[in-house]
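2 protein chains.
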Amino acid sequence: MNTLKLDLKARSYNIIVGSGIIGLLGKTLRKLDIGSDAYVITNAAIKNRHGKALNKALKKAGFTVRFKTVPDSEKSKSLKVASEIIEDIICHNKKKRIFIVAFGGGVIGDLAGFVASVYKRGIPYVQVPTTLLAQVDSSIGGKTAVDLSQGKNLVGAFYQPRLVYSDVGLLKTLHSRQIKSALAEIVKYAIIKDPALFNYLQKKHKDILALKTAPLEFIVKRCSHIKAKIVEKDEREEKGVRTILNFGHTIGHAIESAGSFKKYNHGEAVALGMLLASDISKNLSLINNNSGQKIENLIMAMGLPTRIRKIPVQKIIKAHYHDKKFIGSKNRFVLLGGIGRALVLEDIPLKVIQEAIKKRVIC
Amino acid sequence: MNTLKLDLKARSYNIIVGSGIIGLLGKTLRKLDIGSDAYVITNAAIKNRHGKALNKALKKAGFTVRFKTVPDSEKSKSLKVASEIIEDIICHNKKKRIFIVAFGGGVIGDLAGFVASVYKRGIPYVQVPTTLLAQVDSSIGGKTAVDLSQGKNLVGAFYQPRLVYSDVGLLKTLHSRQIKSALAEIVKYAIIKDPALFNYLQKKHKDILALKTAPLEFIVKRCSHIKAKIVEKDEREEKGVRTILNFGHTIGHAIESAGSFKKYNHGEAVALGMLLASDISKNLSLINNNSGQKIENLIMAMGLPTRIRKIPVQKIIKAHYHDKKFIGSKNRFVLLGGIGRALVLEDIPLKVIQEAIKKRVIC
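Note that the protein sequences, when read in sequence, are chains P and L. In this text, residue positions in the first sequence follow the numbering used here: the first is 2, and each later residue adds one. In this text, residue positions in the second sequence follow the numbering used here: the first is 2, and each later residue adds one.
Identical copies carry no separate label here, and so any pair may be met within one copy or between two of them.
Listed below are the simulated DSS-like cross-link pairs for lysine-lysine, each with C-alpha atoms no more than 30 Å apart in a straight line:
hint : residue 1 : residue 2
1    : Lys-121   : Lys-153
2    : Lys-60    : Lys-32
3    : Lys-230   : Lys-10
4    : Lys-28    : Lys-240
5    : Lys-121   : Lys-181
6    : Lys-331   : Lys-316
7    : Lys-311   : Lys-331
8    : Lys-97    : Lys-32
9    : Lys-81    : Lys-97
10   : Lys-234   : Lys-121
11   : Lys-121   : Lys-263
Hints listed in this document are in silico derivations from the structure and should not be mistaken for laboratory results.
Looking at chain P on its own, in the form it has when it is part of the complex (with noise of 0.2 Å):
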């Protein structure tokens, strides 16, 4: 079991990674001076894998234990799922000292961390990650938030949980495709921030891929570290320092949007985004061929694409323009200076980036 320290002052947490250790979830809770009562939120799905151990774990330590189950969709990130929620905890726990479990992935994740953050203008929070993409990066860092019928992620708030609790032992039950679309993000982690990391996902992909524990375990508190650094420098989003986690998201955007959300999903839309921008990187001499090629190879060996079948390359270049990144008529690049070195760059030419679009198309 490893603990990583996540500081912000008064709002500082721990993440926790570690495998097979959701038993030991209660007794870690109990120093946290958190609340006597959890109130869980989940999908059925899992809680039907792991609702029992969860369940045990905080019993044993002497809380009590209330599960609520949303539908497993991005639909249940609504206002109308949040406000029955706190309906629920209003009408069952009256007089309780309520804190709220967060068990599943991102889409959970946000929507109890919504809930913890407006509840009585704030209740404490844990999140306990179920997909590997959530132990990565959306448990980390107190982004929450409920979409509305206009977009994504409109309503929320900033707000950190208490603990974070990566048991990469809950992964192993997971599809394929959820793995791969995480990888695209634990790749972006390695591309932008360490070289260290990425060598290690070369030698280890078939590995990683088997969902093997160890190397699980490696990349998840990695990955957890990274996260962690960044959102201690820059909280809020103000800073412009959390910028390069947008690596590969610009042009990934676009790609899944030109695709109707259909042809390519998130991680392997933001898989092509990155090539692109290494491939703009290169084409702007940035970085070398042999780094380009490297990075290509990774994400090939990753089970993930790299060319662009079947979207027009103005259909891409036009959704890429309606990104809520740009604001007026400057866009913004994450690009490379090199495996490890991410770099913000203002006003790329609109051909350089047509160009490097167009080599990666296949009609």
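Here the structure of chain P is known, so what remains is to put chain L in place on it, guided by the hints.
Just chain L, lined up with the frame of chain P:
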């Protein structure tokens, strides 16, 4: 014009108090790097009375201005109205650098602050309170919220404004019942924290009730200062420092509720609650008869009630034990050790409370 600073490090802001200063608001905002587009949340009555002046002040300083009116009712403090406002902001303000102006009393301030706290995980907002109660109390300290059918303020956030701008010139059009409700809170500040303010209120109560400018400005400044100091010490109400602000409110709420929120409004009930807390303090020999009499005289001079009419003692006691401020079975009271000195005491015997109430009730 007086400027007080509320010091919360990165979340610090100024409280500006003056008379006839609304025309200078735009100029003050210009210094804040707060955005370029003012989204003013208000109600129709306030917009009719003061909207033109606000609009002019903001436009003169180069801001775009959009007004959004909500019904003048506690019912506007709902998730439904909050999401309608957010949808309106999204609809009309793409690509703009929005900040919110809460232009109204406590309802508007709580609602607008909540919208600002959750839209895109927080955008800037300023409080321009138009009631005496909002100027001395609710506009300061970042407590934002909406209500649920299960209770008041159940969904909200601690989210500080970037400025509180109190123009006592806006108060001239208020009704005397609105003023009196605020006076109960002002008397409260004096009793718990400020003997000099207490003396001032004794001397100037006629001028205050006549809404003369100089005393209004003095009391808003003084109360803002007291509130600011308390918020600085305990921003999120975690350390119990803000507990003394509940002086008069524990039994006050019970009286309000036992009278079905019709017999007494909030200010009147708080006045009665303060008197009872003073009576209990006297009975426990914490203060002398003279102090108790002074408190009663001031409350009477402010036109607030000193006797509870036609509510059975037992009904008040019963409502009292439903108050959220009781955790478990312990009661907790803010009592007095003198004028200007609040004490927080637990486990006051029921008999002492009953005796005090009995003496104030007229059947």
